[in-house]
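8 protein chains.
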Amino acid sequence: MSKPYKRLDKTQAAVLMVDHQAGLLSLVRDIEPDRFKNNVLALADLAKYFKLPTVLTTSFEDGPNGPLVPELKAMFPDAPFIPRPGQINAWDNEDFVSAVRATGKKQLLIAGVVTEVCVAFPALAALEEGFDVFVVTDASGTFNELTRDSAWRRMSEAGAQLMTWFGVACELHRDWRNDIEGLGTLFSNHIPDYRNLITAYTTVKGVK
Amino acid sequence: MSKPYKRLDKTQAAVLMVDHQAGLLSLVRDIEPDRFKNNVLALADLAKYFKLPTVLTTSFEDGPNGPLVPELKAMFPDAPFIPRPGQINAWDNEDFVSAVRATGKKQLLIAGVVTEVCVAFPALAALEEGFDVFVVTDASGTFNELTRDSAWRRMSEAGAQLMTWFGVACELHRDWRNDIEGLGTLFSNHIPDYRNLITAYTTVKGVK
Amino acid sequence: MSKPYKRLDKTQAAVLMVDHQAGLLSLVRDIEPDRFKNNVLALADLAKYFKLPTVLTTSFEDGPNGPLVPELKAMFPDAPFIPRPGQINAWDNEDFVSAVRATGKKQLLIAGVVTEVCVAFPALAALEEGFDVFVVTDASGTFNELTRDSAWRRMSEAGAQLMTWFGVACELHRDWRNDIEGLGTLFSNHIPDYRNLITAYTTVKGVK
Amino acid sequence: MSKPYKRLDKTQAAVLMVDHQAGLLSLVRDIEPDRFKNNVLALADLAKYFKLPTVLTTSFEDGPNGPLVPELKAMFPDAPFIPRPGQINAWDNEDFVSAVRATGKKQLLIAGVVTEVCVAFPALAALEEGFDVFVVTDASGTFNELTRDSAWRRMSEAGAQLMTWFGVACELHRDWRNDIEGLGTLFSNHIPDYRNLITAYTTVKGVK
Amino acid sequence: MSKPYKRLDKTQAAVLMVDHQAGLLSLVRDIEPDRFKNNVLALADLAKYFKLPTVLTTSFEDGPNGPLVPELKAMFPDAPFIPRPGQINAWDNEDFVSAVRATGKKQLLIAGVVTEVCVAFPALAALEEGFDVFVVTDASGTFNELTRDSAWRRMSEAGAQLMTWFGVACELHRDWRNDIEGLGTLFSNHIPDYRNLITAYTTVKGVK
Amino acid sequence: MSKPYKRLDKTQAAVLMVDHQAGLLSLVRDIEPDRFKNNVLALADLAKYFKLPTVLTTSFEDGPNGPLVPELKAMFPDAPFIPRPGQINAWDNEDFVSAVRATGKKQLLIAGVVTEVCVAFPALAALEEGFDVFVVTDASGTFNELTRDSAWRRMSEAGAQLMTWFGVACELHRDWRNDIEGLGTLFSNHIPDYRNLITAYTTVKGVK
Amino acid sequence: MSKPYKRLDKTQAAVLMVDHQAGLLSLVRDIEPDRFKNNVLALADLAKYFKLPTVLTTSFEDGPNGPLVPELKAMFPDAPFIPRPGQINAWDNEDFVSAVRATGKKQLLIAGVVTEVCVAFPALAALEEGFDVFVVTDASGTFNELTRDSAWRRMSEAGAQLMTWFGVACELHRDWRNDIEGLGTLFSNHIPDYRNLITAYTTVKGVK
Amino acid sequence: MSKPYKRLDKTQAAVLMVDHQAGLLSLVRDIEPDRFKNNVLALADLAKYFKLPTVLTTSFEDGPNGPLVPELKAMFPDAPFIPRPGQINAWDNEDFVSAVRATGKKQLLIAGVVTEVCVAFPALAALEEGFDVFVVTDASGTFNELTRDSAWRRMSEAGAQLMTWFGVACELHRDWRNDIEGLGTLFSNHIPDYRNLITAYTTVKGVK
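For the protein sequence lines, the chains are A, G, L, F, S, P, R and W, in the order given.
Take the first sequence: its position 186, counted from the start at 1, is 186 in UniProt numbering, and no numbers get skipped.
Take the second sequence: its position 74, counted from the start at 1, is 74 in UniProt numbering, and no numbers get skipped.
Take the third sequence: its position 162, counted from the start at 1, is 162 in UniProt numbering, and no numbers get skipped.
Take the fourth sequence: its position 3, counted from the start at 1, is 3 in UniProt numbering, and no numbers get skipped.
Take the fifth sequence: its position 83, counted from the start at 1, is 83 in UniProt numbering, and no numbers get skipped.
Take the sixth sequence: its position 158, counted from the start at 1, is 158 in UniProt numbering, and no numbers get skipped.
Take the seventh sequence: its position 143, counted from the start at 1, is 143 in UniProt numbering, and no numbers get skipped.
Take the eighth sequence: its position 162, counted from the start at 1, is 162 in UniProt numbering, and no numbers get skipped.
To be clear, the hints were calculated from the coordinates, so they are not data collected in a lab.
Remember, predicted model here, so these are calculated numbers, not experimental data.
Ideal placement from N, C-alpha and C gives every residue a C-beta, glycine not left out.
Be careful, since some hints might not be right.
What the hints assert, rightly or not - Here are the simulated lysine to any residue pairs, SDA-like style, with alpha carbons at most 20 Å apart: (1) R:Lys6 to W:Glu157; (2) F:Lys10 to F:Phe76; (3) F:Lys205 to L:Ile198; (4) R:Lys10 to W:Ala125; (5) G:Lys205 to F:Pro67; (6) S:Lys106 to S:Pro4; (7) L:Lys106 to L:Trp91.
To be verified - Far from chain S, by Cβ distances over 12 Å, these chain P residues were calculated: (8) Arg7; (9) Phe50; (10) Lys51; (11) Pro53; (12) Asp62; (13) Pro67; (14) Pro77; (15) Pro80; (16) Gly86; (17) Asp95; (18) Val97; (19) Ala102; (20) Asp179; (21) Lys205.
Claimed, not checked - Per label pair, the in silico range of CB-to-CB distance: (22) R:Glu145 to S:Lys205: 29 to 35 Å; (23) R:Arg101 to S:Arg177: 20 to 26 Å; (24) A:Lys48 to W:Pro85: 40 to 46 Å; (25) G:Gly104 to F:Lys205: 38 to 44 Å; (26) P:Ser2 to G:Thr185: 44 to 50 Å.
Please take these sequences and the hints and turn them into a complete structure.
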């Protein structure tokens, strides 16, 4: 009767980053800019860290929406990048869907700007086609909290699971012993409080 | 097991604007007045832009609830306008239901004041009769957030999909190439940040 | 697949006011005291206005929880009043359940303090026995918003419908023409903005 | 011992609009975009309505800061417009100061983006030169509330008076009878609640 | 060097209630309507309780601003009531100033709608003429918190003291023994938490 | 069709406290530290009061995550305590699962830090194995409200019931008469408002 | 020209705790109960730790205001305790003023409930008599933030310095080396985050 | 009568960074961690960019307060760094004061953790000695907003000017033409919205 537990598996997951464009980012007001930038880069870092196939796409990037933010372009030089000529729902673009299918993965981690359009539309379409959809909510932004709440509800009721980048990283990693250094670095770079814990710990450890 | 993805289709959708009256608007305190006015007019503009059949109605407008706001009256001179003599639920008024049915549309976009009554009651009734209901949450207002949250939950659990005007516009339009100018103008008129993107873009484009 | 639309019917509804006691009220911090007092009295007024059978109960009122607030006692001198000797869930008290059953009503409007206990426990029990439960969320209070949100979710997922007193009044009344004066007075007494609309309207109407 | 009451006088006042540029506006996050746009246009409208000399300036507008928003350019075609080649403090630009002095006014109404720089710097400089400075706080925006509060305190302690556009309009107008229609229109165009009051009033007045 | 302590004295104080009109009240959004209504009535009640001379005034009440709220009219049938024909600053109306002077009091308690105009303007003017001004901040309302903060700062820097109705009542009363019953009733009627304390106390006291 | 009412039963319930570690606690920012500390200790106290079998576990406690907070260690000297060598999901640790199974209980009360990982992962796993899961939301903390909301939704949709420690205590206790003193002490120690009620009550009771 | 720097000196300071009574505490809603209780006890602990003479007083404690909270009574068995028979301003009570004078201290640390009355009135009176007044803002509570802000402004403009208990402790202590253990314990008992730092630090230190 | 305009001058200014230590940072809860980290690093970057002499200090760094965050240590390898053995007020440490005096600067930019102690104490002491003090409010953090507001008021009334890092950078730079590239880089690295403006601008500029 309840939604079953779909557990993220690093061999099954792909990341879709949808419309993180320089212009569109100025529309995001449900998350502070410093935090949002950090969340998006954290998701990108974890995609690389876990070697998840990643697909990038933009909407109408030769107009006011602006180009994909350069950091993402630089981090995924070899990832499929599909600048859509006009389709608002990325899933309406065949190249994008092909790129997603080509990853061979069933679990899709989706993030984008703005949440109720660039995330929700492909998420709903992917669910309809039988993919398991995990929305990375804190790497997705929109106009305000009212808009976000409406969008979350729509996706969630359609079967999507709402997660944040930290939860995704933890569910993919499973066990610290797989790579303490690597996961610690990811957290240190994107969670100031965690970085401070590490600094304090290693200092005392080292000094004594 | 999950709620299926109902995708808005401009050939299938009608807009119902319920009780946006000068008196009742002073009750709305879950959205700031400047933003709320903008959202309501944005929904009206998109209804016209996509040529969606639109039905207007008011509750007891010869009393303190006050008249329909003049902007809406002026924008839809030929739309069916049903001033209800007393029914609180617009769906209890036969003329209103007939007007809705006469549109021949299955997808109903509903907005109104106040959310838990003027929106929720006809939304629940329409769902019961098999319509697909999309609540335009940000063009609907009420007393406070507690009230709104209760209302959203009730409608959503009954099968309504919660959207905002921007999401509606994007889902109806499907592809920028259908009319770049038109959609851009709609956004420019109702999203200050988007207007600024366009201004900055066209200035640089033109100056260089 | 969705929760069906249960529509409130004044011939089918009863009101349960659970533990609105002088001591317990000091625990309520998710709604401001002026507003909460107003909401509780509004619910009481509407119970009287629609002549809904009403059942009052208190928890351990000879201790720190304190007595039922005197206004409620005064408004319902003939209503069944069940001071529970110890049961925390009112539904565990046979006198209370008998009083509820004796109303002969199927639709239960429940409000109380605190939401996650005094409201949620009898609400869940009543749902289990087949009653239709409508929680009057804004006449129910608790420690903070986190607590409230948890409680709402639990009740709502068990089948309860979340409403506020204004929505309840409107759904019960159905049509202004049933009694314009009466409903207007109820709103004027409990919604300052509505009272102002009436004042402004009648002044202009009368002066001209 | 206290700051003396400087009363705005429409024969003594000039308006300085500093750096309301398309790019810089995306930095404003202490006021919602819909409201901020409205406030800025309201200030511009009142400047025109009271025929106050107005000076416009921009900072480095050929770069990312972007052009002056077109609405302002269009509303003040004959006003001095000083695009500063580099000075961050407009008061460091001689053309700007000359334009201000040329107005012959002693009371300066200043608004701009961002508050702690584009508003505060010229405000402090003008105070030092003996002008009476009135900061129009709600037509001035910045990164967040912490930044705003710091800036307000600095200006206020230096002798500036903090006002909002509505207070400015009222203090300049002095008496409704000077022009009921004109002031009413200004308010109706920029205060949705006031517009609704007028709509409701005139409807009842006219219908009876 | 600091602002001296002006202590309220019931033989020296008068109350000025400025523009609490049915229309204007819909503009108040910095305080919730239930609370604001309560605060205004609490101030009126304390004016009566301490027998402070009270002056009422309205701005342009035959238009959209609407009439003085009827409760105030009813509570002060014999108080001077000056409907101003057009002056926005009540202090520009000679009848109003005469009525204030006729009270023979030096300490003025001022409250009104909206704070930055109807309160601030007469407050600043009265300070200039040497009155001691006490703004009753919680019985004064305006558009939003940004506006309120600007207005408070302006008045406070000009020498006004900011108080709330409860502080005013306590400073005027000085000693519970002057009239325990009377002050207790005032608090019980306007502070729900205090009413509950009294209910709980007297119940235990009486029952034991 | 709705989620059935699972009622907590003190003979059926066990408590799992997951990763309340000195380092990890500095990550919690969705609940204030004073309140969060109180909530965690309240849950521990109720576990002891109702003699519920309790299982403690930590994640990688020899690193920056830090040790289990000493209060918990001291309160449950004989409880199974499983410091996990690396598994992020406690349910992936066989010792932990064995300890849970060894309690012989079907109803699991889970709290931990951080909510979306240390609570959500074992909660989802336990649900899958047929346990009834009750998340103690206010004794669980995480980075911010966005993260919390995502996590609540995921667990709730999978079948977990969201409760707070106070609701848990009340549902387990059932009837004040089972032990007035004991429950009163629990509340007095962890709810300042309740403590004040008791103080006031017993004082009047005793003095009269 | 600015307010001079008065530095707290443990040989010059006394603590006045005004009206922290069981009933009155239920009025405090500008600070959460868990935090407020902690702050008040932290102030009491620091008074004891630095051996500052402390004066306790209550207002009308045989009525609904309730008794002094027992913790304070227990912590200061030998301190002067002046239950005022009726004076609202503690400074109007000769015994209280005598007790303050008897401390021989010039620097008064004042905290109480409610801020704008029980704290502000004696603070203003003491300033007038030449004492240096330090308001411990976070151990003082009132109805809401609007009320608090008004009160802070009034006291601050009259010459009071606003501090919080942590700042007071640090300014009195001057140098950690005076007593590392003692100050650390004070912080550990009242700042959960600091306690965690100590736990983590000493654990690593000890284990290595 | 007002506080005079002290204008920052890059030849006159020094930066004091007080107690930005890994442990103490976990106490900061009035600014989000992502933003706070960014603000602190932005201040450090601007100190380097404008070549301002910078003094670093820590409080008791061999205990739970933890070491200076490594980023700061790395950025200022040659700056005076004074780990204080115990003095809480850095100004009580002679080495620190000597280091400040050795800069030969009169304008001190101070930031630190926590605001009401590590910033306020040396700020007040420096003011007393005739320095011009500029508090960099957004690179200073503390427990909560109540604490911050008290601290701001105390420093501001003693003569300090409250600024934020962005305002500081702009006031020091004076004119974009002094170094467009340099200032742009500083903003791009620490203001995500500004970075997006630059990206969008240069993309259009370059592509056309």
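Taking the hints in turn, this is what the structure says about them:
1. R:Lys6 to W:Glu157: holds (12 Å)
2. F:Lys10 to F:Phe76: OK: F:Lys10 and F:Phe76 at ~18 Å, within 20 Å.
3. F:Lys205 to L:Ile198: holds (14 Å)
4. R:Lys10 to W:Ala125: Satisfied, since the Cα-Cα distance of roughly 18 Å is no more than 20 Å.
5. G:Lys205 to F:Pro67: holds (12 Å)
6. S:Lys106 to S:Pro4: Given pair S:Lys106, S:Pro4 holds - Cα atoms ~16 Å apart, limit 20 Å.
7. L:Lys106 to L:Trp91: holds (15 Å)
8. Arg7: The claim holds: P:Arg7 sits with its nearest Cβ about 31 Å from chain S, beyond 12 Å.
9. Phe50: holds (29 Å)
10. Lys51: holds (33 Å)
11. Pro53: holds (39 Å)
12. Asp62: holds (48 Å)
13. Pro67: The assertion about P:Pro67 holds, with a minimum of 42 Å to chain S.
14. Pro77: holds (41 Å)
15. Pro80: holds (44 Å)
16. Gly86: At roughly 49 Å from the nearest Cβ of chain S, P:Gly86 sits farther out than 12 Å, so the non-interface label holds.
17. Asp95: holds (50 Å)
18. Val97: holds (48 Å)
19. Ala102: holds (47 Å)
20. Asp179: Given a closest Cβ separation of 22 Å, the condition holds.
21. Lys205: Not fine: 6 Å to the nearest Cβ puts P:Lys205 too close to chain S.
22. R:Glu145 to S:Lys205: 29 to 35 Å: holds (34 Å)
23. R:Arg101 to S:Arg177: 20 to 26 Å: Hint holds: Cβ distance 24 Å, inside 20 to 26 Å.
24. A:Lys48 to W:Pro85: 40 to 46 Å: Holds, since A:Lys48 and W:Pro85 (Cβ atoms, about 45 Å apart) stay within the stated range.
25. G:Gly104 to F:Lys205: 38 to 44 Å: 40 Å Cβ-Cβ, so the 38 to 44 Å window holds.
26. P:Ser2 to G:Thr185: 44 to 50 Å: Holds: the Cβ-Cβ distance is about 46 Å, inside 44 to 50 Å.
Going through the hint list in order, the structure does not satisfy hint 21, though it satisfies all others.
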